[in-house]
Amino acid sequence: RDAPKSKALTIAVVPKGTTHEFWKAIHAGAVQAEQELNALGGDSVHVIWKGPLREDDREQQVQVVEGFTSQHVSGIVLAPLDSKALVRPVEEARAAGVPVLIMDSALESDAMVSYVATDNQKGGELAADRLGQLLNGKGNVLMLRLQEGSASTTAREDGFLKRLKDNYPGIRIVSSDQYAGVTRETAKKASENLLNRFGADLNGVFTPNETSTIGMLLALQDMGKAGKVRFVGFDASQIMVDAMRAHQLDGIAVQNPMRMGYLGVRTLVASLRRQPIERRIDTGVTMVTPEMLDLPATKDIIAPPIGKYLPGG
Amino acid sequence: MLRTWIARLGPALGLVIVVLVFALLTDAPGRYLSTFNLRIVLSQTVIVALGAIGMTMIIISGGIDLSVGATIALTGVMTALGIRSGWPPSLALVAAVLAGGFVGVLNGMVITTLRVVPFIVTLGMLGIARGVAKWLAHEQTVNVPTTWMNDLLVTFPRQGWLVLPIGVWTTLALAVFVAFVLRRTVFGRRIFALGSNEAAARACGIDTNRLKVAVYACAGCLFGLTGAMQMSRLRQGDPTVANGAELDIIAAVVIGGGSLNGGEGSILGSMIGALVMAFLRNGCQQMGWPNYIQEIIIGVIIVAAVALDRARASWATSHA
Amino acid sequence: MLRTWIARLGPALGLVIVVLVFALLTDAPGRYLSTFNLRIVLSQTVIVALGAIGMTMIIISGGIDLSVGATIALTGVMTALGIRSGWPPSLALVAAVLAGGFVGVLNGMVITTLRVVPFIVTLGMLGIARGVAKWLAHEQTVNVPTTWMNDLLVTFPRQGWLVLPIGVWTTLALAVFVAFVLRRTVFGRRIFALGSNEAAARACGIDTNRLKVAVYACAGCLFGLTGAMQMSRLRQGDPTVANGAELDIIAAVVIGGGSLNGGEGSILGSMIGALVMAFLRNGCQQMGWPNYIQEIIIGVIIVAAVALDRARASWATSHA
Amino acid sequence: MADRLSVTGIAKRFGATIALDGVDFAIAAGEVHALIGENGAGKSTLLGVLHGGTRADRGMMQLDDSRYAPNTPHEARRRGVVLIHQELSLCAHLSVMENVLLGAELSRAGVIDRRASHRRAEELLSELPHPEIQPDALVRDLSLPARQIVEVCRALASEARVVLMDEPTSSLQGSDVERLFALIRRLASKGMSIVYVSHFLEEVRRIADRYTVLRDGRSVATGMMDAVTNDDLIATMVGRPPATLFPAGVRYAIPQVAMCVEGLACPPRLHDATFELRRGEIFGIAGLLGSGRTELVRALIGLDAPSAGMVRVGDNDEPSTSASRRIREGVGYLSEDRKGEGLALALSLADNICATRPEYAHSALGILDLQEQSAQSSRWMSVLRVSALGTQQAARSLSGGNQQKVALARLLHQRANILLLDEPTRGIDIGAKADVYEMINLRASAGCAVLIVSSYLPELFGLCDRLAVMCRGTLSPARAIDEWTPESVMTAAIGG
Ligand SMILES: Nc1ncnc2c1ncn2[C@@H]1O[C@H](COP(=O)(O)OP(=O)(O)OP(=O)(O)O)[C@@H](O)[C@H]1O
Ligand SMILES: Nc1ncnc2c1ncn2[C@@H]1O[C@H](COP(=O)(O)OP(=O)(O)OP(=O)(O)O)[C@@H](O)[C@H]1O
Ligand SMILES: [Mg+2]
Ligand SMILES: [Mg+2]
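Protein chains in written order, with my numbering: chain A, 349 to 661; chain B, 69 to 388; chain C, 69 to 388; chain D, 27 to 522.
Any given hint could turn out to be false.
[Stated by the list, open to error] The calculated lysine to aspartate or glutamate pairs, modelled on EDC-like cross-linking and capped at a C-alpha distance of 20 Å, are:
hint, chain 1, residue 1, chain 2, residue 2
1, A, 510, A, 525
2, D, 216, D, 258
3, A, 510, A, 477
4, A, 573, B, 219
5, A, 470, A, 630
6, D, 365, B, 266
Quick caveat, the hints were computed from the structure, so don't treat them as lab data.
Model the full assembly from the supplied sequences, consistent with the hints where possible.
As structure tokens, then:
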């Protein structure tokens, strides 16, 4: 079963998409791991970065994983678009001697080497706590979901709803069944329409990822509602940081994508080198509020040094 | 005369029905019919409406363009790249329009010189333009510094007296202009002639090849502007945006009375078609209905609109 | 004779060139040309290839079907729902095929009775079928318990003597069968006659309306099977899958020599077209090239294939 | 007279077809010059060369003493040469005004000057007084003759000095023809040159000053109209006395009715047709273009649904029936429109010949026996002397006459015993014509019932046993052929 051990290790990193800043940071983390490992000496490590051709198409991601399997890379770090659809290709990769490490979003299988991810449920709970405190436990709250079948965001959404229900019974959820879709454009449209419907007596909003948060933010800004409703989002990007400074966004649950990419590659390489690894690695999630923006500790998470590792990024 | 009016009113009637139905269904009709909501719908319509203006020209001329979504993405990315690298926004805007026009000229040239049907040429261009967009953007979204470009489609413009976003006014102005060109100028009437009977147009001494290239080029310029608007709306150039927009845009033209056989279509109709779809989306979302209901309703409306149009036409012929 | 062979060989030559180019470019030609890689490419091709078999029938008959991606999603979801609610997998499979056929019959009926062009009817059906798929699936993916259905497209089948996944064998068998039907049966020749000259077909006493419905129905059954295969590949019914697959499938047929004017096309050609696209994707990935290069290359190949075909045809006419 | 336009040695071939093979021809200012010849003689092609639509392979053209070689219709138009098409080519979605001025729009800075356009269009329309044609009416709402008027007006719009008219009266009726002739005379008196193509010698004789006869792509005779008799003209057109064309077989009509038609109507073209078609006879239908003969045949074969009346074939007298049913009843149909409705040009000869009755060549389950199909096809092809490379050749690559024979071969293969033939010899050469006549005669002698629609009177007189004339959708009573004369047929056709 052991492939003849070549000197160089090729690690394929497969994100859910390539165009969002979140994935840029993961890419940077993976490159960081590559550079560090190569500096440490030993077998050289080479990272390949490749997303699905169409951003939200599971079949396309399946094809990418299969391609890497037939290419016989040393290992794959995968952020699965779906917890089920990627099971077969991952199992087939393992059968073909290509170990797979899962990051970011869960896979319903135990065929993987390890699972490196944020505790998404916890992220949702943090957001619920922040919003609950801001609203003093009462008011109308709207949650815009991301997309059908996305495990990580569903966990955030569920965590958020559950915590609100348990700890802040005075808060009413006015809508939690509309989907933003995967692009800014769809998210913005959905937000605009929902804000018109529920905006009059709305007190708080939660969105579970980068695109939905920015879509909602743009809608709020364009409609002149920004700053008038309490708004908690997820993930970090420049436009969101600016909004926090303008008090249009009251908190973001920030993961550490760079660390996720970094640990993903490091852990997979360690496993390939037969070093002991953990089966589940939590990369942490923090609630960043406008007041915390200038703390040095937050700087590194909200604006990870991507440029250092990605030319032109 | 009467018949032309019925034909023109058909889509408008559809629009009124859509709006009325939702106003009756919703528990907050006041909010649904508010000027606030109207503004939202209008600024959401801009992308499809602008695209539909160009597509109307192409469809009247007897062609089709599947590459419009990809062209929007490409020109949006180019605008963003221009502004990011310090160009004045107006220059970036012009560049986007020209880039769109260039894609159009390419489409037109391949269609006329290689004599491949528009469906195939623009299907190929769909892949090419989107590929180039991703290439230029390094497969990422291109974020831009804040300039006035970002305000083109802000629902409530900074200058209160504008009432509607600049983008909406621009679209309106272009719609009126292109409608005028199509109805009242030599160029416009020749586009109708080309779509209605290409052989006859050629026999009357019209250089149909050059005309076709010109039509795709003009439409391309409009798609370029649409790309710039899209980038203004999202505040970033996104190479994956507007995926499948071609079908929405074609649907708008078809709902508005355009015929894929060429020779028929109007800007007014296409604008109404775009509004029908925007109001449907908006209404379904306000009702809290899931997306799939929208998709089903829009699908049914597309077929029904064309079927009614056919029925009307054959009724008119038999009563001529 | 010679000309028919050149026509048939055209696409095959393209395939050979694609494979050779990548074999020469890659630094591990052994791995690229390995049976392992071949198996993966083959099982990746199944979805497009199966769809292309049905689409070839439709395109030969002079029609087009934009709703194929949505039909695949719908029937995939239905298979998954069936299996989840305890039906035997074979029953679910049959249900998917029938559901696909039903969508096809609907398309055909609307096309023939309302006399709306296929482009519009199937554009509408695209929205309707996808909407219904999402509705049935409650906007979620539908996960299924493990059954033999899940193994249809496993790259390395459990039964080693099969060599290739059952799905690949099924596709091959169906391709041979449909090619036989098209070339050697009355039904098949009538499809060619219909696409080549509908009026003539009617004048020869062919019930063209019934024939059209039959063509869309048969193709629909194949799309239903494709949906079941897709669900087997993903091990779930996914209402958002195969978005845009219609363009891939149409491209496969067109690269393989099918003409959107009808009357021309072959199953062999379409299969080669599907393989060309799969090998291109696979090759680009093995080269470590980014996605956008694939998109650009495929776009160029679609246009070039048709342009060459046109050039060949006009060369043939002028030298007849 | 100085020649305004003269051509010498013009030749043009389309693939294997030689359409023009050395045409010399000249027209003076103010002259009406008739171009006559059989179907396929090359008249339309010559006009195409003259107005820049097709490029000649060889030959010289002179217009007003300078070289004339238009590459596009636009160029020809600029030099003052315009064409009125044989097949109407108008833009149905545009208004009359827009069609009339298409390509020569009146505009200021690209914007159409509507007032001036309107005035100009009315001015042009008033040349052929037709109050019902409004400049703003859409062309798709107009009747066929009205469209023809618009087509003529369009040619006038561009200040032409040479007007080429390709069968301009093909859709015009009596009084409209008179108006057109008056117009032509007026134009000629203004110094305009008119090339007039027509199949109707009577018309030609009334309007033309000179004539040129084309035969097989060559100009074979030219001269003053007054100096020849019609018989001489026909002899030069056909190249041999017409009599030899037709088979001299003796047929014995069987008094058994194959098809019975009563009061058949199919608006807007066909209003009333009643006749009986008997086994073993050839029944002819004459009439002007557009009189509704094609509609009659299409209703008989079940392609158009009649609105009233009855057709009985065998025991079937259901008012509306389908083409597939008729074909099963042994009715065979040959369309006048070979390209549009007759053959699937992209398919092989075998596929075309066996299209109606593929079951003759299959075993079971609808599976074709390709060898049998091929054998059957080549048998019929040799019966009809189709010159082709083989049964797998595409129908597209055959010459028109051979294509027509293939369409007939389909009827033979179908073993139809009631033949409905609409313009069976349209666009085919003399040799092919004789072959077709012989085949028709043989089928009738074998007991088939044959119905022929034709615009070529000699053909009807040479072949038919009985004849009826269609006039504006109404069929006259049938009479034996020797009770008709060409004059009486013409009178009946015009409705006099
Ligand atoms: N585009 C073409 N391609 C091939 N053959 C052609 C083409 N146009 C004309 N021909 C052939 O050239 C010959 C001359 O045709 P043309 O139309 O000039 O005849 P015509 O004298 O106008 O006949 P008609 O009286 O039927 O109008 C015919 O045999 C015709 O089939
Ligand atoms: N609606 C229409 N618009 C334009 N042309 C038409 C229309 N209907 C018929 N025609 C053309 O007018 C001509 C005469 O019509 P039709 O076939 O009904 O009469 P017909 O008596 O059978 O004459 P023929 O068979 O000699 O053409 C045909 O060439 C036909 O193509
Ligand atoms: Mg002619
Ligand atoms: Mg006729």
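Hints, one by one, checked against the model:
1. Taking the CA atoms of residue 510 of chain A and residue 525 of chain A, the gap is about 15 Å. The hint holds against a cut of 20 Å.
2. With a C-alpha separation of about 32 Å, the suggested pair residue 216 of chain D and residue 258 of chain D falls outside the 20 Å cut-off, and the hint is violated.
3. The hinted pair formed by residue 510 of chain A and residue 477 of chain A meets the criterion: a straight-line CA distance of about 11 Å does not exceed 20 Å.
4. Using a Cα cut-off of 20 Å, the hinted pair residue 573 of chain A and residue 219 of chain B holds, with the two alpha carbons roughly 16 Å apart.
5. Restraint check for residue 470 of chain A and residue 630 of chain A: satisfied, since their Cα atoms lie roughly 11 Å apart, inside the 20 Å limit.
6. About 19 Å separates the Cα atoms of residue 365 of chain D and residue 266 of chain B, which keeps this hinted pair within 20 Å; it holds.
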